[in-house]
Structures are given as structure tokens and as C-alpha cells.
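**Student:** One letter stands for each residue in the lines below.
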Amino acid sequence: MLKEIKILADHGKQFVPDLRNQPVSARFRGRPVISEDITSEQAEKAAAMCPAGAIDRRSGATDLGRCTFCNECALMLPGVYRFTNDYRIAATRRESLVVKPGQSDQLRIDETAVRKEIRRLFRRSLKLRQVSAGGDNSCEMELGAAGNVNFDMGRYGIEFVASPRHADGIVITGPVSANMAEALEICYDATPSPKVIILVGTDAISGGLFAGSPAVKRNFIENHHIDLYLPGNPAHPLTFINGVMDLLKL
Amino acid sequence: MSSNLYTEVRNGSGPVGIREIPVLDYGRFYEEVISLLGNERYHCLTYFCYPAGPVLKFICCIADDGSGTIRILSHEKSDDGAPLRSLTESCYAMHIFEREIHENHGVKYDGHPWLKPVRYPHDRADRQNVMANYPFYEMESEELHEVGVGPIHAGVIEPGHFRFICNGEKVLHLEIQLGYQHRGIEKLFADEVDGLRRAMLAENIAGDTAVGHGLAYAQLAESLAGYMPSGSLQAERCIALELERIAVHIGDTAALCGDVAYQLGQVASEALRTVVINTTQSWCGNRFGKGLIRPGGTNFPLDEEIAGELLRNLEVVDRRFGTVTDCVYTLPSVLGRFEEIGTVTRAQAIAIGAVGMVARTCGVPRDTRATHPFQYYRQMAITPAMQENGDVLARGMLRALEVKESVKIIRRLLDEWRAGEKTSGRPRYDLSFTPDSLAISVTEGWRGEICHVAVTDGDGRPVLWRIKDPSMHNWMALALAVRNQEISDFPVCNKSFNLSYCGNDL
Chain A
1 MLKEIKILAD
11 HGKQFVPDLR
21 NQPVSARFRG
31 RPVISEDITS
41 EQAEKAAAMC
51 PAGAIDRRSG
61 ATDLGRCTFC
71 NECALMLPGV
81 YRFTNDYRIA
91 ATRRESLVVK
101 PGQSDQLRID
111 ETAVRKEIRR
121 LFRRSLKLRQ
131 VSAGGDNSCE
141 MELGAAGNVN
151 FDMGRYGIEF
161 VASPRHADGI
171 VITGPVSANM
181 AEALEICYDA
191 TPSPKVIILV
201 GTDAISGGLF
211 AGSPAVKRNF
221 IENHHIDLYL
231 PGNPAHPLTF
241 INGVMDLLKL
Chain B
1 MSSNLYTEVR
11 NGSGPVGIRE
21 IPVLDYGRFY
31 EEVISLLGNE
41 RYHCLTYFCY
51 PAGPVLKFIC
61 CIADDGSGTI
71 RILSHEKSDD
81 GAPLRSLTES
91 CYAMHIFERE
101 IHENHGVKYD
111 GHPWLKPVRY
121 PHDRADRQNV
131 MANYPFYEME
141 SEELHEVGVG
151 PIHAGVIEPG
161 HFRFICNGEK
171 VLHLEIQLGY
181 QHRGIEKLFA
191 DEVDGLRRAM
201 LAENIAGDTA
211 VGHGLAYAQL
221 AESLAGYMPS
231 GSLQAERCIA
241 LELERIAVHI
251 GDTAALCGDV
261 AYQLGQVASE
271 ALRTVVINTT
281 QSWCGNRFGK
291 GLIRPGGTNF
301 PLDEEIAGEL
311 LRNLEVVDRR
321 FGTVTDCVYT
331 LPSVLGRFEE
341 IGTVTRAQAI
351 AIGAVGMVAR
361 TCGVPRDTRA
371 THPFQYYRQM
381 AITPAMQENG
391 DVLARGMLRA
401 LEVKESVKII
411 RRLLDEWRAG
421 EKTSGRPRYD
431 LSFTPDSLAI
441 SVTEGWRGEI
451 CHVAVTDGDG
461 RPVLWRIKDP
471 SMHNWMALAL
481 AVRNQEISDF
491 PVCNKSFNLS
501 YCGNDL
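Top to bottom, those sequences are chains A and B.
Throughout the first sequence, residue numbering follows the numbering used here, covering 1 to 250 in sequence.
Throughout the second sequence, residue numbering follows the numbering used here, covering 1 to 506 in sequence.
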């Protein structure tokens with residue numbers, strides 16, 4: 001008993017009180033900022049170097065759906081590319097993930113892309129079934145962390161559940177391996193409508209480094225409406241929670 | 001050093017000429033491998049084959065834990081469809097490698113008891129083998145029933161299928177079908193020309209072991225290029241590897257407590273894991289250490305500020321986690337769920353070729369930091385933490401001991417790092433590789449021994465990258481552990497191993 005009291009005393013208060021404005025370390029790489037003065041040579045050079053193929057050859061814009069946040073562009077062209085530690089990088093449209101040169105505002109989800117029933121039905125309670133389809137276990141662990149004692153997204157009624165029958169939607173991680181494609185379809189079909197689809201991490205959004213692999217089969221992603229994109233490699237728990245809160249307008 | 005039977009190398013030593021490795025006839029190869037593996041100081045790091053002109057070339061790397069050397073043996077086989085005599089018959093630990101060779105290249109084996117698919121790779125030899133027709137072991141009896149779990153599990157974890165044969169609540173047999181996570185990593189490696197992309201692929205093999213696999217790749221690339229990393233870089237890499245070990249072990253302790261409804265242990269450990277991974281994030285911007293390990297140098301050299309934060313946080317984590325584990329592992333209600341549950345015997349661990357944590361919980365001191373030291377461990381004497389009982393409790397307690405050890409190791413590394421010159425340098429993505437050669441790299445990730453092997457062609461282009469995660473050996477340990485256990489103890493057994501699905505499926 002005394003030991004337990006000691007643990008509790010040491011533990012103190014661990015929960016993050018304000019999930020919207022929790023500071024993270026300076027080096028954390030979130031939303032990039034690209035100089036509006038980027039030259040076409042610089043854009044070309046960055047695009048040729050970018051290991052994820054996330055940078056547009058002509059404009060130098062960065063697609064967060066492909067970006068692995070490796071920081072190599074910022075190291076190669078300091079002053080042109082820079083990563084802020086802003087973790088609020090969710091989007092409701094795929095094209096909104098492209099950060100253009102000179103764009104320095106926070107990313108906001110496009111409200112017009114949010115289906116009305118999502119907020120009407122799920123605002124007070126959103127239960128999700130997670131499906132890892134070739135995920136490397138880092139996004140999965142961050143999603144687990146989103147419900148832990150620090151981030152505690154359960155306070156908003158957002159939770160992962162075991163059965164798709166109990167879920168209001170699915171959260172996909174990984175590039176969707178061909179060997180997992182059928183199980184993903186079955187899980188989605190087993191979830192009652194209306195339901196949401198959320199993609200977490202670069203692998204899920206674009207295939208990431210595995211986009212060209214013959215072992216990946218992305219038909220499911222291509223054939224369904226995606227409600228929310230949450231970039232990262234892996235996506236930070238705060239990216240996930242803030243993105244879902246924006247979707248639900250919490 | 002070489003004999004007429006094998007070529008001998010050390011972990012991370014330079015590449016060996018592929019033509020210098022003696023090619024044995026299969027009978028001689030068979031005898032030699034069986035005679036070595038009959039002695040527990042030897043175990044197989046990796047065994048694979050690849051097409052080399054008109055023949056399939058087989059390479060077997062056997063670690064000698066006594067002398068710290070690695071023996072490379074080889075044989076060749078023409079594509080005549082004739083079967084080979086299975087090594088698995090005499091040495092069960094080879095089962096997984098022969099299954100892989102069979103699945104990838106269609107090589108037939110005589111006498112293999114369990115020649116089943118490993119991961120259903122996209123380029124498998126037999127396309128008739130599909131996930132849906134996996135040949136599960138069956139027992140005919142009206143008193144038995146089967147329980148199928150997965151690929152999608154109740155928790156937020158990776159996919160895999162577990163098929164139990166039960167008598168009432170008691171598990172008689174568990175078979176684990178993997179492959180759902182297959183992303184074709186080895187093929188992507190082989191086709192990739194960009195050194196940066198390869199480094200990134202390596203840290204995405206298993207995201208929970210980004211440092212372990214990232215380092216195995218970096219070390220391999222450096223070995224192929226004959227490049228020696230500086231002392232400070234080696235020390236920094238070892239610090240990162242130990243941080244990864246601490247973070248995962250604490251997270252696993254949280255999961256174990258959660259599974260037996262001991263909430264205090266769970267939440268206290270979760271919070272401590274957060275402290276550790278946030279320290280990694282302060283260092284390199286990523287909670288899993290992605291981006292930190294690169295060949296030739298690093299983008300995030302350690303500095304005094306980060307080193308100070310690291311020491312301060314470790315002090316707190318060490319003390320608080322010590323209090324938590326003292327409590328967890330003396331609490332009768334927890335011990336009742338951990339003690340003598342999911343036992344793997346020493347004999348079983350040796351038989352299946354268990355490595356890393358699983359071996360060390362069964363009294364088998366396999367730790368490549370001690371036996372095949374790499375990076376800065378070469379200049380340190382590592383004494384692996386050990387447990388003997390091979391049960392869930394042993395796997396839990398080993399984590400507690402290893403966290404303590406890793407904290408000490410990091411402190412020593414930081415002392416050395418502070419005393420030495422800071423010459424970590426920038427990454428090198430353009431390292432040119434020695435032609436016609438083979439190199440081996442072994443690291444000790446938190447699960448155990450990670451082994452990467454590469455072979456280059458006459459122009460120094462890699463024609464083959466071969467990746468082995470410790471889970472390849474250890475999944476069989478989980479299957480054995482749950483025999484004769486209550487099926488309700490499966491989750492806690494599974495958590496106690498925490499093996500990698502994507503590390504196996506590649």
C-alpha cells in the first residue's frame with residue numbers, strides 16, 4: 001500500500017489539460033513553411049532529392065500526404081524549407097495537404113468537405129475500429145498513446161473499440177498491403193453506416209515509401225470517400241486528436 | 001580467417017569477397033551445419049539463397065558466441081527441382097529459414113516437418129499458395145474445438161492470425177499465420193539506388209525498432225564501403241539504441257499491467273514511456289528516433305543541452321520505474337497472473353534458436369552486445385541481464401532489469417562521449433560499395449538480434465539485401481508458451497513477448 005502511494009505521489013498529474021495548445025519540443029517536425037522566394041532551381045533540386053517524392057518539381061510545394069518529415073530538404077536548403085513544430089496538420093481534402101511556398105497560416109480543415117451526419121451523430125461519441133494494413137507499428141503505437149493517461153482522448157468520447165460492429169468508422173494505418181486488402185474490406189463492410197474513414201500517417205495517405213511496391217494494393221483507399229487525413233511518420237497523438245476534434249467541431 | 005569449409009568474419013568487419021567463400025557440396029555443408037548447431041554456443045544468424053547465374057547460391061551465417069566470430073558457409077544448387085535433405089529434421093531452429101527458401105524460390109526439402117508459408121511474398125514461387133488456403137494443423141476429435149483470432153485483433157496492434165486448438169479452456173496447440181503486413185521491403189531495398197531512401201526504408205521495417213534496424217542498415221552500408229564511424233558517432237548510436245530499449249520495455253510493462261487489470265502499474269508506466277520517447281523527440285524531432293540513424297554520420301549530433309536533458313529524465317525514469325516494478329512484481333494479484341504462465345523451457349529456447357529477450361528469460365545468455373559487439377559496445381563489457389524461468393513473470397522482470405542496465409549503459413556512454421572528441425559528422429548517402437562482396441551487420445534491438453546482409457555485383461551494386469528481425473526466431477516461442485495454458489492467458493502471453501508482425505512479414 002505504501003509503495004502504491006509512493007507511485008501515485010511520484011506520478012502526480014500527467015494529463016495534458018489543453019490538447020489544443022500543448023507545447024511540443026522545438027525539433028518536432030510538423031507543418032513546413034516554404035519561402036515564397038524559392039527559385040525554380042531550388043524547387044528542382046529539392047524535388048530531385050526528396051526521398052518521399054513529396055516536393056513538386058515546378059513550384060517546390062510540399063505534399064504532406066507524401067512527406068515523411070525527414071528534414072532533408074530543410075538541411076539541404078535552409079532558409080527555403082523549414083519545419084515548424086505545429087502538429088495541427090489535419091485535412092478533410094487530399095489536395096489541402098499540399099503546402100505551397102509562402103503559405104504560413106495554420107492549416108484549417110475545409111468545413112464544406114465534412115459530411116453533415118458526422119457532426120450530428122458523432123459529436124458526443126465517436127467509436128473507431130483501427131485497422132493496420134502494412135503499418136510499421138509506429139502509427140499504431142501513437143494511436144494507442146492518444147488514449148493513454150497523458151493524451152486521454154476518451155475525455156471527448158473518442159475511443160477505439162474492439163469490434164467493427166460497435167464502431168462509427170475505421171482508422172487505417174499502413175500503405176495497405178495486398179495481403180491485408182481483403183480483411184480491410186471485410187472490416188469496413190462490418191461497420192454499420194453511416195461511418196467515417198480516417199487515414200493516419202504518410203503510408204496510409206499515399207503509400208509513403210511503399211507507394212511503388214508490388215506488395216501494396218490501394219484499391220480500397222482509391223474507391224472510398226476519405227473523411228480525414230492525418231499526416232506524419234508516424235502521426236503524433238496530438239495531430240490525431242486535434243484532427244478528429246476539428247472534424248467533430250469540438 | 002578462413003578454412004576450406006567456411007569464411008570467418010566479425011560483426012561489422014569489412015566485406016568478404018563472395019568468391020572467397022568456399023562452396024561445399026550439400027552433404028558436407030549439411031554435416032558441418034548440423035555439427036556446429038548441435039553445440040549451443042553456435043546459432044544461425046541467417047540462411048538464405050539467391051539466383052547467381054545458372055545456380056541458386058545458398059549462404060548460411062552461423063554465430064559463434066564463444067569467440068565472437070561469424071562463420072559463413074555456402075553451397076550451390078542447380079535449378080533441377082531435386083529436393084535437398086532438410087536441416088530442420090536434425091536442427092529445428094533451421095525450420096524458418098528452409099520455409100522461407102522454399103516459399104521464395106521453390107526449393108524442395110525432404111524431411112521438413114512443417115514446410116508452410118512464412119509471409120506470402122508478392123514474388124513467391126508458388127502463386128497457388130494464398131492467405132486463404134494456409135494449411136493449418138488439425139486434430140480430429142469431437143471433444144476439441146478451434147478458435148480463430150485475427151488478422152484484426154481487439155486492440156490497436158498489427159495484424160496476424162492465431163488458430164488455437166482447445167480442449168475446453170485449455171490450449172493444446174497454437175498456430176500463427178503471418179504475412180498480412182508484407183510490403184515487399186527486401187525487393188524495395190534491392191531495387192533502390194538512393195542511400196537516403198534505403199536508410200529510411202530501414203527505419204520503417206519495424207517502426208518500434210527504428211533505431212535497431214536503422215543502425216543495422218547504417219552499419220552494413222559502412223561495412224560494404226569500408227567506412228569506420230567516429231567514436232562519438234558510435235557512442236551516440238548506442239545511446240539511441242538503449243533509449244529505444246528503455247521506452248519499449250516500459251511501454252510493454254504498461255501493457256502487461258493493463259492485461260491483468262492493474263491500472264496503477266499501467267498508467268504510471270505509460271506516463272514514464274512518454275517521458276522517454278519525448279526525450280528522443282527532443283533529440284531528433286521524432287518520438288521513435290526516425291531520422292536519427294544514418295550511414296556515415298547523423299543529422300542530429302548529440303549536444304550538451306540534449307545530453308543534460310537525457311540525464312535528468314533518465315534519473316527520474318530510473319527511480320520512478322524502479323518503484324513501479326518493485327510494486328508490480330511483488331503484488332500477489334499480479335504474480336498470480338504472471339508466475340508459471342506461458343513457460344518456455346531452456347531446452348525449447350535452444351531447440352527453436354530463440355534469440356534476444358526470449359533466450360535471456362530462459363537462461364540462455366544470447367546478447368550480441370556482449371557476444372558480437374558492434375559500435376561502441378566493442379569498448380564496453382556488457383553483462384546481459386538474465387532470468388531463468390521462461391514465464392510471463394521472467395519476461396516482465398527481465399524488462400525491469402534491462403531498463404536499469406540500459407540507464408547505466410547510457411550514463412557510461414555519456415561519460416565517454418563527453419571525454420572524447422565530437423566528430424559525428426554529416427550523413428553519407430553516396431558511399432560506394434566494394435564489388436563482388438558480402439557483408440553482415442548484427443545489432444541487438446530491444447527484441448533481440450537483428451541481422452542485415454548484403455551482396456554486391458561486379459559494379460558494387462547491391463543485388464541482395466537480406467533482413468532478419470529477431471521475431472523470425474521467436475514467434476515459435478509464443479506458440480510453444482501457450483500450450484496447456486488457459487486460452488484466457490493468451491493476451492498476457494502475447495504481450496509478454498511483443499513480437500513484430502511487420503519485422504517478420506517485411
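Keep in mind the hints are simulated off the structure, nothing from the lab.
Computed from a prediction, not measured in an experiment: that's the story for all the values here.
Don't be surprised by glycine CBs; every beta carbon is placed ideally from N, CA and C.
Check before you lean on any hint, since a few could be wrong.
[As the list claims (entries may be wrong)] Label pairs and their calculated CB-CB ranges: (1) A:59 - B:193: 44 to 50 Å; (2) A:25 - B:53: 50 to 56 Å; (3) B:418 - A:93: 46 to 52 Å; (4) A:25 - B:418: 52 to 58 Å; (5) A:211 - B:134: 57 to 63 Å; (6) A:49 - B:330: 29 to 35 Å; (7) B:363 - A:211: 43 to 49 Å; (8) B:26 - A:93: 58 to 64 Å; (9) B:408 - A:58: 52 to 58 Å; (10) A:49 - B:484: 55 to 61 Å.
**Student:** Confirm or reject each hint.
**Tutor:** Each hint, compared with the structure:
1. Taking 44 to 50 Å as the suggested C-beta distance range, the pair residue 59 (chain A) and residue 193 (chain B) does not conform, at roughly 26 Å.
2. Between residue 25 (chain A) and residue 53 (chain B) the Cβ separation comes to about 52 Å, which falls inside the hinted range of 50 to 56 Å.
3. Between residue 418 (chain B) and residue 93 (chain A) the CB atoms are about 50 Å apart, so this pair conforms to the stated range of 46 to 52 Å.
4. For residue 25 (chain A) and residue 418 (chain B), the hinted distance range of 52 to 58 Å is not satisfied, since their beta carbons lie about 22 Å from each other.
5. Under the hint 57 to 63 Å, the C-beta atoms of residue 211 (chain A) and residue 134 (chain B), about 28 Å apart, miss the expected range.
6. For the hinted restraint 29 to 35 Å between residue 49 (chain A) and residue 330 (chain B), the CB-CB distance of approximately 55 Å leaves it violated.
7. The hinted range of 43 to 49 Å is satisfied by residue 363 (chain B) and residue 211 (chain A), whose Cβ atoms lie roughly 46 Å apart.
8. Here the CB-CB span from residue 26 (chain B) to residue 93 (chain A) is close to 59 Å, well matched to the stated 58 to 64 Å.
9. For residue 408 (chain B) and residue 58 (chain A), the Cβ-Cβ distance of about 54 Å falls inside the hinted range of 52 to 58 Å, so the restraint holds.
10. Taken as a hint, the range 55 to 61 Å holds for the pair residue 49 (chain A) and residue 484 (chain B), whose Cβ atoms sit roughly 56 Å apart.
Violated hints, in rising order: 1, 4, 5 and 6; the structure is consistent with all others.
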